[in-house]
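Q: For this one, chain A is given, so just place chain B on it according to the hints.
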Amino acid sequence: MTFPELLLLLFGGFGAGLIGSIFGLGGGILIVPLLAIVLRVPMHQAVATSLLCVIATSSAAASRNVRRGVANVRLGMTLEIATVIGAMIGGAVAGNISANMLMMIFGCAMILMSIPMARGVADEPEEIATADELVEETFTDSLNGSYFDAAEQSVVTYRVRRLPLALSISSIAGLLSGLLGVGGGIIKVPALTLLCDVPMKAAAATSNFMIGVTAVASAVIYYGRGDVSPLISAASVLGVFAGSRTGSVLAGRIKSASLRKGFSMVMVVIAIQLILKANGIFYR
Amino acid sequence: MESSTDSQLARNASVVLFGGVALSCILLIAGLARYAMHPDPIGSLQPMQMRRLGDGLAAGNPVALIHLGLLVLMITPIARIVILLIEFIRERRFAFAAISFGVLLLISLGIVLGLGS
Chain A
3 MTFPELLLLL FGGFGAGLIG SIFGLGGGIL IVPLLAIVLR VPMHQAVATS
53 LLCVIATSSA AASRNVRRGV ANVRLGMTLE IATVIGAMIG GAVAGNISAN
103 MLMMIFGCAM ILMSIPMARG VADEPEEIAT ADELVEETFT DSLNGSYFDA
153 AEQSVVTYRV RRLPLALSIS SIAGLLSGLL GVGGGIIKVP ALTLLCDVPM
203 KAAAATSNFM IGVTAVASAV IYYGRGDVSP LISAASVLGV FAGSRTGSVL
253 AGRIKSASLR KGFSMVMVVI AIQLILKANG IFYR
Chain B
905 MESSTDSQLA RNASVVLFGG VALSCILLIA GLARYAMHPD PIGSLQPMQM
955 RRLGDGLAAG NPVALIHLGL LVLMITPIAR IVILLIEFIR ERRFAFAAIS
1005 FGVLLLISLG IVLGLGS
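Chains as they are written, first to last, in our numbering: chain A, 3 to 286; chain B, 905 to 1021.
Isolated chain B, as found in the complex:
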């Protein structure tokens, strides 16, 4: 059953999800608009290495902006899990905190597998 603390939990999760998608969309729109003005036919087709992302952003590279937008999008659901994990610990619902932690671990494994491949 829903408890009174569930509403706080829901509000925090909702804010993270909405904020993440909104920020991601802004970055994607900015990146596409900049690309329309300054097309980069080579960079646009390549996945960007993480260490080059910072340089690309500093240089105003549109593809770097788009990559950042996509990364923010992928981080959004992960941030939602972190928020729920914190809230579950605060509510002393340790079974659900352990489940949230397990999901986070699995996704971390996916990230390691993804970056390693």
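This is chain A alone, in the form it adopts within the complex:
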């Protein structure tokens, strides 16, 4: 790998991390197309690289969210059982399918992910519990949580509902993570918010808390298979990490509905390019 290629990876990773962070997608969804389409990196290596980027960005963000008490550690640990099983299956399956098939699946998943992207963030759940209501009678009750919302200057308490459903959806998110190298937050956050009544901020922080462990479950499988290229991974991880840190600062200032819709269109275009490349069109 030449020095200019390394620089391209660093800056490309920075851009992927920056945009991914601003739109709440993580760097994975953009670093894979960047590596596979622009730099012609083999698809399995691109996915493995993305998983490492996801570990770095989510661990750093989780460190902040856990310290602030926004991430629900007990709920996250419980759902990790499902995401890890899904990720291991995804990582093992990825090793047995061709690069073109993997690229095709990634392109299709990207189109599906552009839909919630265009629609915007999920609404807050209608029911938020009061502190008196949160009595621990069952295991699910022990997952209930509370956090201090700095923007509202108030303590938010909530009751977690429909745990089996959350476990099922988490396993699907884990499967996608292991197969495609993405974080899976785009599935988990709306599910936790809309189906399990977890407030949006806690859902996003808890999802982020889980992503590092989910990614490492399949990353070790890719690493063992020899799909991790050290130089590509190092440059990408550093670029995406720096970009996502910058993006988290800018996110609140430049988020807008029209920008989200525009970016979802870009996602569709990239996805179509991946699907075309997977079928040998234009890129042979």
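Hint data in this document are derived by calculation from the structure and do not stem from the laboratory.
Please note that the accuracy of each hint is not assured.
To spell it out: a stretch of chain B is covered by chain A in this simulated footprint if at least three of its residues, at any positions, have a beta carbon under 8 Å from a beta carbon of chain A; those stretches are [said to hold, decoys possible]:
1. 915 to 923
2. 926 to 939
3. 975 to 986
4. 1004 to 1017
Label-pair distances were calculated between CB atoms; the ranges are [stated by the list, open to error]:
5. 283/A <-> 912/B: 51 to 59 Å
6. 267/A <-> 994/B: 28 to 36 Å
7. 962/B <-> 151/A: 44 to 52 Å
8. 110/A <-> 994/B: 39 to 47 Å
9. 961/B <-> 44/A: 21 to 29 Å
10. 102/A <-> 999/B: 40 to 48 Å
11. 102/A <-> 940/B: 42 to 50 Å
12. 958/B <-> 121/A: 49 to 57 Å
13. 983/B <-> 152/A: 24 to 32 Å
14. 915/B <-> 41/A: 36 to 44 Å
15. 927/B <-> 118/A: 42 to 50 Å
To spell it out: a stretch of chain A is covered by chain B in this simulated footprint if at least three of its residues, at any positions, have a beta carbon under 8 Å from a beta carbon of chain B; those stretches are [to be verified]:
16. 52 to 66
17. 216 to 223
18. 232 to 240
Where is the CB? At the ideal position from N, CA and C, for every residue including glycine.
A: Quick look at chain B alone, frame taken from chain A:
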């Protein structure tokens, strides 16, 4: 609901996550900087076997430094689980300790599968 001991648990987990990522980034930067000065076109493309990692580090091989950085990165979330497992046992929250142990077992299985393949 959050208990008073949860804050200690959160602080420990937070320190492990931040420290792991910071150490990993330092190693990756050092490895890339050294590679820029002494490129190793063959070694840079190959995954490094564990037993060669120590020799590579002793020789100042940039690719070995990068591998170590990537390994530290992958160990970071696992270390976070270990910390939580210890804290849950200390708090006598055995259901969550068992869940943490289960996640650790699953990841260990993944490591065995990964190294075996």
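Q: Each hint: holds or not?
A: Structure-based check of all given hints:
1. 915 to 923: Coverage by chain A holds for the segment 915 to 923 of chain B (6 residues, Cβ < 8 Å).
2. 926 to 939: Holds: 7 residues of the segment 926 to 939 of chain B have a Cβ under 8 Å from chain A.
3. 975 to 986: holds (count 7)
4. 1004 to 1017: holds (count 9)
5. 283/A <-> 912/B: 51 to 59 Å: Since residue 283/A and residue 912/B have Cβ atoms about 57 Å apart, the given range 51 to 59 Å holds.
6. 267/A <-> 994/B: 28 to 36 Å: 51 Å, violated
7. 962/B <-> 151/A: 44 to 52 Å: 51 Å, holds
8. 110/A <-> 994/B: 39 to 47 Å: With Cβ atoms ~46 Å apart, the hint holds.
9. 961/B <-> 44/A: 21 to 29 Å: 27 Å, holds
10. 102/A <-> 999/B: 40 to 48 Å: About 45 Å separates the Cβ atoms of residue 102/A and residue 999/B, which means 40 to 48 Å holds.
11. 102/A <-> 940/B: 42 to 50 Å: 34 Å, violated
12. 958/B <-> 121/A: 49 to 57 Å: 51 Å, holds
13. 983/B <-> 152/A: 24 to 32 Å: 28 Å, holds
14. 915/B <-> 41/A: 36 to 44 Å: This hint holds: roughly 40 Å between Cβ atoms.
15. 927/B <-> 118/A: 42 to 50 Å: Cβ of residue 927/B to Cβ of residue 118/A: about 35 Å, so the range 42 to 50 Å is violated.
16. 52 to 66: The restraint on the segment 52 to 66 of chain A holds, since 8 of its residues have a Cβ under 8 Å from chain B and three suffice.
17. 216 to 223: holds (count 7)
18. 232 to 240: Since three or more residues must qualify, the claim that chain B covers the segment 232 to 240 of chain A holds, with 7 doing so at under 8 Å.
Against the hints set out earlier in the document, violations occur for numbers 6, 11 and 15.
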